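Trainee: Chains A and B, in that order, are what the protein sequence lines are.
Residues in the first sequence are numbered consecutively from 1, following the working numbering.
Residues in the second sequence are numbered consecutively from 1, following the working numbering.
Among the hints, a few may not be true.
[Claimed, not checked] Computed beta-carbon distance windows for the label pairs:
#, chain 1, residue 1, chain 2, residue 2, range
1, A, V13, B, K455, 41 to 47 Å
2, A, L20, B, D149, 43 to 49 Å
3, B, L545, A, I24, 43 to 49 Å
It should be emphasised that the hints constitute simulated quantities derived from the structure, not laboratory data.
Given the structure is predicted, the values throughout are model-derived calculations rather than measurements.
Here a beta-carbon is modelled for each residue, glycine too, at the ideal position from N, C-alpha and C.
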Amino acid sequence: MNERFEWKKQYTVVLLVNVLYIIIFYLIMLFNN
Amino acid sequence: MGALDWIVLGTTLLFIVGYGVWKTKGSKNVDDYVLGGNDAKWWTIGLSVMATQASAITFLSTPGQAFHDGLGFVQFYFGLPLAMVVICLVFIPIYRKLKVFTAYEMLEGRFDLKTRTLTAILFLIQRGLAAGITIFAPSIILSAVLGWDLRTLNIIIGILVIAYTVSGGTKAVSVTQKQQMFIIMTGMFFAFFFILGSLPTGISFGEALKIAGANNKLEILDFTLDTSNRYTFWSGITGGFFLALAYFGTDQSQVQRYLSGKSMRESQLGLIFNGILKIPMQFFILLVGAMVFVFYQYNHSPINFNPAATEVVLASEYGDDYRHLEEDHITLEGEKRRAQYAFASAMELKEYNAIAQAKEDILKINRQEKANRDAAKTLIEQANDSVETNDKDYVFIHFILNNLPNGLIGLLLAVILSAAMSSTASELNALGTITALDLYKRQQKKNKDEQHYLKATKLFTLLWGVLAIFIACVANLFDNLIQLVNIIGSIFYGNVLGVFLLAFFFKFVRGNAVFISAVVTQVIVIIAMLMDWMSYLWLNAFGCLMVILLAVVLESFDGLLQRPPVKK
Numbered sequence: 001m002n003e004r005f006e007w008k009k010q011y012t013v014v015l016l017v018n019v020l021y022i023i024i025f026y027l028i029m030l031f032n033n
Numbered sequence: 001m002g003a004l005d006w007i008v009l010g011t012t013l014l015f016i017v018g019y020g021v022w023k024t025k026g027s028k029n030v031d032d033y034v035l036g037g038n039d040a041k042w043w044t045i046g047l048s049v050m051a052t053q054a055s056a057i058t059f060l061s062t063p064g065q066a067f068h069d070g071l072g073f074v075q076f077y078f079g080l081p082l083a084m085v086v087i088c089l090v091f092i093p094i095y096r097k098l099k100v101f102t103a104y105e106m107l108e109g110r111f112d113l114k115t116r117t118l119t120a121i122l123f124l125i126q127r128g129l130a131a132g133i134t135i136f137a138p139s140i141i142l143s144a145v146l147g148w149d150l151r152t153l154n155i156i157i158g159i160l161v162i163a164y165t166v167s168g169g170t171k172a173v174s175v176t177q178k179q180q181m182f183i184i185m186t187g188m189f190f191a192f193f194f195i196l197g198s199l200p201t202g203i204s205f206g207e208a209l210k211i212a213g214a215n216n217k218l219e220i221l222d223f224t225l226d227t228s229n230r231y232t233f234w235s236g237i238t239g240g241f242f243l244a245l246a247y248f249g250t251d252q253s254q255v256q257r258y259l260s261g262k263s264m265r266e267s268q269l270g271l272i273f274n275g276i277l278k279i280p281m282q283f284f285i286l287l288v289g290a291m292v293f294v295f296y297q298y299n300h301s302p303i304n305f306n307p308a309a310t311e312v313v314l315a316s317e318y319g320d321d322y323r324h325l326e327e328d329h330i331t332l333e334g335e336k337r338r339a340q341y342a343f344a345s346a347m348e349l350k351e352y353n354a355i356a357q358a359k360e361d362i363l364k365i366n367r368q369e370k371a372n373r374d375a376a377k378t379l380i381e382q383a384n385d386s387v388e389t390n391d392k393d394y395v396f397i398h399f400i401l402n403n404l405p406n407g408l409i410g411l412l413l414a415v416i417l418s419a420a421m422s423s424t425a426s427e428l429n430a431l432g433t434i435t436a437l438d439l440y441k442r443q444q445k446k447n448k449d450e451q452h453y454l455k456a457t458k459l460f461t462l463l464w465g466v467l468a469i470f471i472a473c474v475a476n477l478f479d480n481l482i483q484l485v486n487i488i489g490s491i492f493y494g495n496v497l498g499v500f501l502l503a504f505f506f507k508f509v510r511g512n513a514v515f516i517s518a519v520v521t522q523v524i525v526i527i528a529m530l531m532d533w534m535s536y537l538w539l540n541a542f543g544c545l546m547v548i549l550l551a552v553v554l555e556s557f558d559g560l561l562q563r564p565p566v567k568k
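One chain only, chain A, in its complex shape (with noise of 0.2 Å):
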């Protein structure tokens, strides 16, 4: 069970860790054009 949940929070990471990079994607855009 622990090792289950342990693995949810590693995708959840995964998925947003890459939603942090859009942000980022989005700010650059926003102070640079």
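Starting from the known structure of chain A, fit chain B onto it as the hints suggest.
Mentor: Positioned in the frame of chain A, the structure of chain B alone reads:
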């Protein structure tokens, strides 16, 4: 290219090949050769997966893409992390549980032998051709700009890859890919910092970004629903997701990388590594391209970067018109430099009216420059319509050869050749494995010993290597072969992905229904391509949906025939 470049290039490539052969010689059995003895750690898998996807064209073409069209191409990778999660959750546990050597072996257990054989053959056709193109594509560009003999270059790249892939199998592929990735990233970082250091005094990285932004090169995200734009946020999330799912989940050249993991967890972590680093890596390569663009705001660039195209048009009756365009281009470059300096100094003094005025001037000049570049392309096409007018593949290599110092040129050429070798190695490794295990071994009535199949896998890897070199050598006899290979990829990919999705998510569908649907779908997709029903990029999604729908209908129909609904 100076002597130092030759030394850097030669030493790097020979060291990688020599180390790969020496470190991994003596595979004892098929398991050792095909799955690397199942002892790969997650970072090896992650680097290997990234190195397999990043071919030479990634490093030649992507910076050129950013130079012309900005950083929007990164959106194409937005669906990839989600695909990694799906593969970790669904695909890997099944592959590991069934202890398969190839992705298609799983299909025999789930459906039947004929479905396994069909998908394996579809893979061989598509990957076999692609392996030739992975060698040919960088060779044609390097031979055009460096004057090297195309055929010799094809043979050299091919032999270097064959040397370690045949002798050491999967382990040699992943050991060398770690070094190749190191060379690739080191080379790209050096190029990036060299460009920043070569910008005029006062133009920092921050200012360079502003300049790129003022020229519309930083339009990274496009949320519009316009289908005529190839790269938007939405097409990246949806199309990119399906493409990544098909490529990483069902293509043996990728599946074999993570099947070599020490445990299921190592394989999953390897793909997570890819899911976290892929987007920043692609963004960085594109950013290098955007910095090349800023560099050329202050330095001379040719009106068309493809030297072969320029040569053809100058020797034709359109030569004088082309020369006039070149003169115009040089005048515009002078104006552009003045406008860029005005923009940078207005930025420094924070004079907002002056900034707006300079930005407007720059955009006007760039519009004119683009019109000139387009006119140059038209002249090239008129001079000889078989010459490639799109010069995006030549932008970065032109920059490397004309602006980088000696030594760094050799390193960047090593980057390009390493990338070509890393992709080709995975492809040959997968082609040899599929031919030996899915076709040769499976069709034998009597099982032979391990050594026999080990030798057979090595022999098939060698034969595919020779075939790839042959395809690379005859590739320039055909017009637009690269596009043809992409089209062939799109014809088969969707169908194969559909078969895998049926295996994982549609438990009630059985072998016969899947096999018939896959054959019918393949015929219809080929007709769709020949009759031009849709852009070839959509053939993937079409094939995938079609095979799933057909198999579900056939299976339900078959179920009804065998168990008619009971009348009350």
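Trainee: Quick check: does the Cβ-Cβ distance between B:L545 and A:I24 fall within 43 to 49 Å?
Mentor: violated, 34 Å
Trainee: So does A:L20 sit 43 to 49 Å from B:D149, Cβ to Cβ?
Mentor: holds, 48 Å
Trainee: Look at the Cβ atoms of A:V13 and B:K455 and judge whether their distance stays inside 41 to 47 Å.
Mentor: The hinted range 41 to 47 Å holds for A:V13 and B:K455, with Cβ atoms some 45 Å apart.
Of the numbered hints stated above, the single one contradicted by the structure is hint 3.
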